[in-house]
Amino acid sequence: MERLRALRGLFACVGCKPRCTRRRGRGRVASPVPACAATSLLQRLQDQEGDRAQVYYELESVLWEDDDGRPPCGVVNRLLAEVSQDLTAAQGVTDSVRTAASNVLVALARTHFSLVMAELQGQLKAAGEMSKEFVLITLSKLFSSYAPQCISYMRLTLAGLCSMVGQVKSGRSLHIVCTVVKQWLEGVKVHLCSGERCSWPAMGKEQIYKSLSQLFFTVLRNWQDCKEEKDKQAVLEVVTAMMTVLLQEELPREHVWEQLLQLVHSYQEVQDTCRGNKSLTIFLEALEGVQSVIPKDKFLAITSAVFYQLSDDSKQHSEADRAELTHCILLQARICPEETVLFLQAQLGGEREAGPRMQVRRAVMHLVRDLLGVNAWSCSAWDVVGHIFSEFSRTTERRAAGTLSVQEAQEEGALQELCMDILGSLDFSVRGVTKLFWPRLLLYVVPAQYTGMLIPISRCVQTLAERGDLTVQEIDPEELDPHFLSSMFQGPLLTPQTLLARLLVVAGSPFAGSELQAAALMLMQHLHSKIHRAVGATWAAEIPLLLRCLEGKDESVPSSAEWEHRLLKFLRASLDTMEDEAWTKGLSCELSQWLSSSPSSSGEKSFLYKALGTVLGACQEVLHVQEKLLQHLEEANMEKPSEVQGMISLLSHAAESNFHTVLDTLTMFVSRLCTGRNGRISRQKKMELNSTRACDTRRALILAHGSLAFKASKEQLLAHLEGDIVGNILLLYSCSCRPSALPTVKRMFSSLGPQNLQNKLALLQSITDVSSAFHAVGDSACFNPSLKGKLLEILTDLLKKYYLGTPVSPVPLQVVLALEQLSKLKPFLGSKDMCDILFLCCKNIVTHPSAEMMLKIRKSKQAAQYLQLQQTSLKALGRLMVVLLETETTCGFFQNIVHRAMTSDNMWERKRALQTCSQLLAACEELQRGDACKLFGSLVGLLAPLTCDPMPTSRQLAVTCLSSLLRIQAKATNKVVKTGDIRSLCEGLNDCSTISQLETSSKISRIVCRNFPLERTIDFMMAIKDTFQKAKGMRVRAAGKWLITFLQMHREDIRQDVPLMVCILHGCTSSMQQSMLMPFLCQVVAILTHCHTEVSIDNFFWLPEPTDRLYDAASSPSVWKISSGVE
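In case it helps, my numbering puts the sequence shown at residues 1 to 1127.
Calculated from the structure, these hints are not laboratory results. Since this is a predicted model, take the numbers as computed values, not measurements. Treat each hint with caution, since some may be false.
[What the hints assert, rightly or not] Here are the simulated DSSO-like pairs of lysine-lysine, each with C-alpha atoms no more than 27 Å apart in a straight line:
{"hint": "1", "residue 1": "K856", "residue 2": "K843"}
{"hint": "2", "residue 1": "K182", "residue 2": "K230"}
{"hint": "3", "residue 1": "K296", "residue 2": "K230"}
{"hint": "4", "residue 1": "K859", "residue 2": "K832"}
{"hint": "5", "residue 1": "K141", "residue 2": "K125"}
{"hint": "6", "residue 1": "K832", "residue 2": "K856"}
{"hint": "7", "residue 1": "K826", "residue 2": "K856"}
[Said to hold, decoys possible] Label-pair ranges, simulated between beta-carbon atoms:
{"hint": "8", "residue 1": "A537", "residue 2": "A863", "range": "58 to 66 Å"}
{"hint": "9", "residue 1": "K800", "residue 2": "L1014", "range": "52 to 60 Å"}
{"hint": "10", "residue 1": "A863", "residue 2": "Q593", "range": "40 to 48 Å"}
{"hint": "11", "residue 1": "Q593", "residue 2": "E319", "range": "42 to 50 Å"}
Each residue gets a CB set at the ideal place from its N, CA and C atoms; glycine is no exception.
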């Protein structure tokens, strides 16, 4: 009471009255204090004169600028009353006035801080309807300007804020309260951390913690049910700020942990997690600085909440939000590294049978990427490198299994790309990344399941090479486990040969793709010092060239065969540069091991065979080469065509430098398969030799010997062709074709046809290869005549024993191909042998199959395959005829081979004969064989009727042959042949109308007959006679038209041929179709009798046995009528 009286006395002394809450009696109050600027401005506020905000601005300026003295207490009290009314007015006061009034209080606090703070504290705690937003704003401004003085009022402010929490539920006021709390808490942290060194007024920690704890729990109690998202975020931030302070002391921590669980729960329910993530980050950062042990259950709750956000597919996170979440886990890893690793491992292995959920796997990979981008040291307790690659391997296996849905396959593919992106985007400047990844990366180069990761691995190694970090010595051995150290270079899991073998296989695989192949080559270039010390300069020059070739910069992108050839050439050059026999043998052993373990279906196995053959070709130790060749000859599954081709490649590449060794090895192996089959051997051994596997192996070796001939030099081929190469081929074939070559049970229930067919094809292919190889060494080398005769006998027998039950067989084609190569060898074939062989070839290719069989073929499922084989056979027969034409002095086989087929009743046979004839005539034209003109008449007589053949293709081919004949005739006679536009007339032959076809044929006949050599007239007539006797329909009419056209154009010039022509016509009467031929016959007789009357009549009556038909035709009135009108 005494103090209260003192204060009232003080008020009376300064001439002031206590403040009222309502604006009443604003009259002027007398004051003994002299008038000043502040007083006059205050008077204007009380009198409500002018713009109120402007008066506040002027008053603020006066208070800041007046350094001479402090305003009197009476003025201060009146001013506080006036400003407070404006700050807390529920309505009627604009925000600009409130802001100006707040600024006046801040300026007044410079000289009267305690009075201003007391006024604000009173307004903060006051009850009733009033606005307290600007009271809080003013408190915030005061803390910004007078932080040291505010410390003394911390407890009172916290208590006032606590009362505000109960009054505010949402909206702007809630956000302002949160802002003020966070601002004042910063001062609390500074004060508590400064301790005794702080010059600010001392306050007990217990009082601060007590007030803060009260505020903390009040906030949680009153604001935990906020509905608006922005309100939730504001509450989360202020709670986190308070926890940061409370965790600095041991006593309030237990209360904080309990409330933390509620925070985590609310954190999970927030939709927009960005600001909440920042709040949690602040808390975790504070927690890291406190260095206190987090209870495991509380730590698990925090980690689960963060990880839930990362793995929840229903929430779309921005990059910043995801980075904030990852940073939270990174902070947890710093605080509790062991617990973090255990948690991640538990997430990955929580669903052992089905594996972790896709969102969990994806979340972990995102976490890994961000952890590596911040600081790789946090991954030191977790094999993050292994996890990246194991996740990639898992996605590869799941996609290859083919059991995923479309969506699942897309998700697995996206995760696989994420793995590659993480590894490819590593920043090796980040602390710990180099030490974490090098040289561990090399462990993932060799296993096949990580093949797709070679692209990012290559980029990593390239970066490390540019940084100069590719040294194992820089890694502290104590920080690497023993298993890892034992697996490095020269260890059991990774050797230089292993590394090179793997990279070579990937670079040579046609299924890898150019980007993966380039990655393998770049790894070879950067790791050359780890592979062999001698290849650095060679690879630095050659690998960039290979890369340019692969990218198609110098030329077009090479085919797979061309690329393999260049890569194998590079491999051989590298081995020659090394000059290290032991290293080369080690590489061959490595490739051999890979080859043995690779399944037949592997796309890499084909290149492995070639690579191993190339390396064995560079080896000088004979026993080692033989050992490896025999090993794979015994292991190979010759039932599969890919294995057969692979084995042939192995032997061929090895023979390039070790021909004798390979041939000796093959001879040794052949003796095992053939020797003793009928001798006194055990039953088990005989069953092995007669097994299907042995038969397939013998067949493959037949092909291998033929391929081996290409690798021999001229001297080697002359020395070993007959005795070793061909001898082994015939021995293997004779063993394979015996009935005993099949087991007894299989002989009883299986036909020998299909297997013998494969044996024949293998033999024919080997004969073709041997002949081609011998021809390639030069014409000066003469082929052994007896050996050539033996091979021709084999080929002839195969044609004679051709299995006609098969619609179209590949045997005739292969025989023709073999004959084509064998016919090129000296001594050349004689005319008789040539004609006999061609007769057999045409019998099997041109005359077969029959018309009935062709109809069946066209209706079968294998129609396309049969027709393609037939066309290929015809082309091959044409090439054989060209080869024979080059060595034959006459063209007699034209008449013997083609003549029969062109007059056949089988339209398919005629078409095949025309195809062969067109190829042969084209060759004659190219070789300028003028002797083909001797057959001009007969060929025109055969081709003329075919211009009206029922098949459109045959009609076109007939015109093509006629055009070639005319050009050959022109070159032989050195004359200009007026052919006209004969090719344009072919379009008329495509017309469906037979009348149009006949008209077009007649036009072509005039062009041909105009250039006809008359000395070939009888040949022409004889060919026409065959058509009259054998043909039907339009072909007969076309022949008659051509004959009439010829006689009309050359009737005056054929006197000497009339007797023979009459005889030929007499031969036609025996089988001619009178109804169709009588008009043509009448015209022919009319033309002949008109131009050569006496000769014609005499020959008609002097025939040995004149027929009534010819006599009637010659003596009929119609003939004389026609002859009298013929001009």
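Going down the list of hints, with the structure as the test:
no.: 1; hint: K856 <-> K843; in the structure: holds, 20 Å
no.: 2; hint: K182 <-> K230; in the structure: holds, 16 Å
no.: 3; hint: K296 <-> K230; in the structure: violated, 31 Å
no.: 4; hint: K859 <-> K832; in the structure: violated, 40 Å
no.: 5; hint: K141 <-> K125; in the structure: holds, 19 Å
no.: 6; hint: K832 <-> K856; in the structure: violated, 36 Å
no.: 7; hint: K826 <-> K856; in the structure: violated, 43 Å
no.: 8; hint: A537 <-> A863: 58 to 66 Å; in the structure: holds, 59 Å
no.: 9; hint: K800 <-> L1014: 52 to 60 Å; in the structure: violated, 43 Å
no.: 10; hint: A863 <-> Q593: 40 to 48 Å; in the structure: holds, 47 Å
no.: 11; hint: Q593 <-> E319: 42 to 50 Å; in the structure: holds, 47 Å
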